[in-house]
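J.: So you can see what is in the structure, the chains are spelled out below.
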Amino acid sequence: MTTASTLTTEAGPAPRGAGLRWARRAAPYLGVVPFGVFVIVFLLWPTYIVITGAFEGKDGGFDLSAITEVVTQESHRSAFQKSITISLITALAGSVLGALLAWAISIGRSNGPLRRASLAGAGVFAQFGGVMLAFAFLATFGFNGMVTVFFNDHFGDTFLSDASWLYGLGGLCVVYTFFQIPLMLIVFLPSVENLRPQWREASESLGGTTWEYWRHVGGPILFPSFIGAALLLFANAFSAYATAAALVSQGSPIVPLQIRGALSSEVALGNASLGKALALGMVVVVAIVMTGYALLQRRASKWSQ
Amino acid sequence: MRTTRWIAVVSGAGAVMLVATACGSPAAPAASSASAAASAAASTAVSAAASAAGSTAGSAAAAGGDAATATSVAAFGDMAGLEAACKTEGKLNVIALPPDWANYGKIIDAFKAKYGVEVDSAQPDGSSQDEINAASQLKGTDRAPDVFDVGQSVAVANTAMFAPYQVATWADIADNFKDPTGTWVNDYGGYMAISYDASKVPAPTSVADLLKADYKGKVALNGDPTQAGAAWNGVMMASLANGGSLDDISKGVDFFKQLNAAGNFLPVDPTPATVESGQTPVVIDWDYLEAGQAAALKAKGIDWKTFVPDDAVVGGYYYQAINKDAPHPACARLWEEYLYSDDGQNGWLQGGARPVRADAMVKAGTIDAAAYAALPKVTGTPQVPTADQVKAGNDYLTANWAKAIGG
Numbered sequence: 001m002t003t004a005s006t007l008t009t010e011a012g013p014a015p016r017g018a019g020l021r022w023a024r025r026a027a028p029y030l031g032v033v034p035f036g037v038f039v040i041v042f043l044l045w046p047t048y049i050v051i052t053g054a055f056e057g058k059d060g061g062f063d064l065s066a067i068t069e070v071v072t073q074e075s076h077r078s079a080f081q082k083s084i085t086i087s088l089i090t091a092l093a094g095s096v097l098g099a100l101l102a103w104a105i106s107i108g109r110s111n112g113p114l115r116r117a118s119l120a121g122a123g124v125f126a127q128f129g130g131v132m133l134a135f136a137f138l139a140t141f142g143f144n145g146m147v148t149v150f151f152n153d154h155f156g157d158t159f160l161s162d163a164s165w166l167y168g169l170g171g172l173c174v175v176y177t178f179f180q181i182p183l184m185l186i187v188f189l190p191s192v193e194n195l196r197p198q199w200r201e202a203s204e205s206l207g208g209t210t211w212e213y214w215r216h217v218g219g220p221i222l223f224p225s226f227i228g229a230a231l232l233l234f235a236n237a238f239s240a241y242a243t244a245a246a247l248v249s250q251g252s253p254i255v256p257l258q259i260r261g262a263l264s265s266e267v268a269l270g271n272a273s274l275g276k277a278l279a280l281g282m283v284v285v286v287a288i289v290m291t292g293y294a295l296l297q298r299r300a301s302k303w304s305q
Numbered sequence: 001m002r003t004t005r006w007i008a009v010v011s012g013a014g015a016v017m018l019v020a021t022a023c024g025s026p027a028a029p030a031a032s033s034a035s036a037a038a039s040a041a042a043s044t045a046v047s048a049a050a051s052a053a054g055s056t057a058g059s060a061a062a063a064g065g066d067a068a069t070a071t072s073v074a075a076f077g078d079m080a081g082l083e084a085a086c087k088t089e090g091k092l093n094v095i096a097l098p099p100d101w102a103n104y105g106k107i108i109d110a111f112k113a114k115y116g117v118e119v120d121s122a123q124p125d126g127s128s129q130d131e132i133n134a135a136s137q138l139k140g141t142d143r144a145p146d147v148f149d150v151g152q153s154v155a156v157a158n159t160a161m162f163a164p165y166q167v168a169t170w171a172d173i174a175d176n177f178k179d180p181t182g183t184w185v186n187d188y189g190g191y192m193a194i195s196y197d198a199s200k201v202p203a204p205t206s207v208a209d210l211l212k213a214d215y216k217g218k219v220a221l222n223g224d225p226t227q228a229g230a231a232w233n234g235v236m237m238a239s240l241a242n243g244g245s246l247d248d249i250s251k252g253v254d255f256f257k258q259l260n261a262a263g264n265f266l267p268v269d270p271t272p273a274t275v276e277s278g279q280t281p282v283v284i285d286w287d288y289l290e291a292g293q294a295a296a297l298k299a300k301g302i303d304w305k306t307f308v309p310d311d312a313v314v315g316g317y318y319y320q321a322i323n324k325d326a327p328h329p330a331c332a333r334l335w336e337e338y339l340y341s342d343d344g345q346n347g348w349l350q351g352g353a354r355p356v357r358a359d360a361m362v363k364a365g366t367i368d369a370a371a372y373a374a375l376p377k378v379t380g381t382p383q384v385p386t387a388d389q390v391k392a393g394n395d396y397l398t399a400n401w402a403k404a405i406g407g
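Protein chains in written order, with my numbering: chain D, 1 to 305; chain Y, 1 to 407.
No lab work stands behind these hints, which were simulated from the structure alone. None of the values given here were measured: they were computed from a predicted structure. All C-beta atoms in this analysis are idealised placements derived from N, C-alpha and C, irrespective of residue type, glycine included. You may find that some hints are simply not true.
Unchecked claim - No more than 30 Å apart at the CA atoms, straight line, and that leaves these computed lysine-lysine pairs for DSS-like:
1. Lys403/Y / Lys58/D
2. Lys82/D / Lys139/Y
3. Lys87/Y / Lys139/Y
4. Lys58/D / Lys216/Y
5. Lys82/D / Lys87/Y
Stated by the list, open to error - Some residues of chain Y that are not near chain D, with every Cβ distance over 12 Å (derived):
6. Asp66
7. Thr69
8. Glu118
9. Ser121
10. Ala198
11. Gly229
12. Gly263
13. Val378
14. Thr379
15. Gly393
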């Protein structure tokens, strides 16, 4: 017995113990492996292609011309400006309206039919983007849309009888908001439901008004997750492509459409690096937004503990 | 603890990307390069399989000489030899040929019926550039396109991907419509035109007419001129009519700016469906695309007329070529022979396009006279922009088009 134990302490232990400890420590991370592979294949690798492509000249060597073009050319700059504006507007509209909706649902009956219907509906509509959504709006508000025709027939010249707003930035804002509100509801509802009724009761028993409750208790608790959700909506609108592609046929006003133009135009050829430089610009914007999201997420988890 | 937190942060970031992906391709570029990478991986896998199967196809082609380097039907002995070589291959891959474009639907059916060969028509609504992209991405697989039908700028930039071939009717094609070695040959073309629904709007007699109040909210352009050749030439037509030249597209942009300010310009991409439903009563597009729709629209009660303004005649021909790496080299050549035969040429003509052998066929009396008479009348001198002029025009459009139409 003694010999055996001495043996272990003398010969095997150091490396074997370290190996075991290493394995034990690594085991929980095994579960993350599929996710890691996913991130590498679908996020890091494409990002690498975009970054190297953005700095590639027509002859394949290092070249800053594509980046310079994005930064200096007015049409690209204004596309970024418009993309960011649309994303901000729809993120703001979506997050405010979605948050109100979430609050309304959270104070309703916890298993009522209205709540279940709204949640199911939000799940569907948050994903109802792209060509289908654009078509739905064209059929309703387009030049030959139901509403447009109805207003033309019955009310003459009103703002709804001219459909041209739908095909520009205003139209994009309205259509994007359509899928932003339900997404906000889905993302934000759990935070609203985490507000414990006891806090409200405590506030009231100490003489707090509704305003004071929201100002000092509910507001500060919800704030980080509200901003986090709003940032998510921003990234969602910023990167949306199919809806805009189906709706806007002239002028490529936003960045994703300009990237399409750079990659598939039959008039201007060999613009792949410009497309990738525009994409890099989008990655930079989204990276800033995501950093903000991650920081706030950390803050939010501290609050709710 | 710290590591766990970082994992949470990373997964949070990943989740953002996931949600964004679900809602509409995040950083659209990232998604597209991912799919490009995926298809590249797929193509290597398939090419391995293809090269394994390649030996049989190779020996079949060898019967009539090496099909992939044949520059005329003589390499196969005669037309029957070419037909036999194609039957052995059994299949032809075409790409970006919309069935309602220059009558391609019927032409493909007629080819299938005549030679008993399967035709795989990929991405019928793709652009010229999509054809080239598909050829590079699918290179070495049996799904790569065998033949191309592309716009001028794409053709001129990619001649290295084409295999020279001279069809049997080569002598009928005027020299300025073909590359001397047959690397590319113009196939069909036409002129930029204004098409209109005669029951809804008065007949325009010039480009400038479109600014009149009669056309409020009614004038559409076929595509975005920074992306689509047809739309680029539409803006050029407007430029020529307003004092511009092939070297100066700016007058055309100014015209569309006025058109937009007058509320006449429609930001809708016109299709036969939008014409039929009355959304786009006036369309600026190639005459052969619009005149080809007239018969079908007439059946639905729409009097669709096409007019080529005599002060701005912009001509354009498409370019036909064989993929150097065609998986079915004999069928690719048989397809060309068919397209440039009287049948093939009349096929395009019946779709409203002017086939490149039209003059020779009029002389020989083999042209479909009724279809030829139905083409819109053209007076004035046609002008055809060169590839350099297209590029210069596009540089101007890139900087100014979005502003002009207030997107």
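J.: With reference to the structure, classify each hint as holding or not holding.
T.: Now for the hints, and whether the structure bears them out:
1. Lys403/Y / Lys58/D: Between Lys403/Y and Lys58/D the Cα gap is close to 28 Å, so the pair holds against 30 Å.
2. Lys82/D / Lys139/Y: Given pair Lys82/D, Lys139/Y is violated - Cα atoms ~39 Å apart, limit 30 Å.
3. Lys87/Y / Lys139/Y: Distance of about 22 Å is within 30 Å: holds.
4. Lys58/D / Lys216/Y: Measuring from Cα to Cα gives roughly 44 Å; hence the hint is violated.
5. Lys82/D / Lys87/Y: violated, 55 Å
6. Asp66: The claim holds: Asp66/Y sits with its nearest Cβ about 31 Å from chain D, beyond 12 Å.
7. Thr69: Check passes; 27 Å lies beyond 12 Å.
8. Glu118: holds, 28 Å
9. Ser121: holds, 19 Å
10. Ala198: holds, 19 Å
11. Gly229: The claim is violated: Gly229/Y sits with its nearest Cβ about 5 Å from chain D, within 12 Å.
12. Gly263: Incorrect as stated: the minimum Cβ-Cβ distance to chain D is 8 Å, not above 12 Å.
13. Val378: holds, 24 Å
14. Thr379: Label holds. Min Cβ-Cβ 28 Å, cutoff 12 Å.
15. Gly393: It is violated; Gly393/Y is separated from chain D by about 8 Å at its closest Cβ, not greater than 12 Å.
In summary, the numbered hints that this structure violates are 2, 4, 5, 11, 12, 15.
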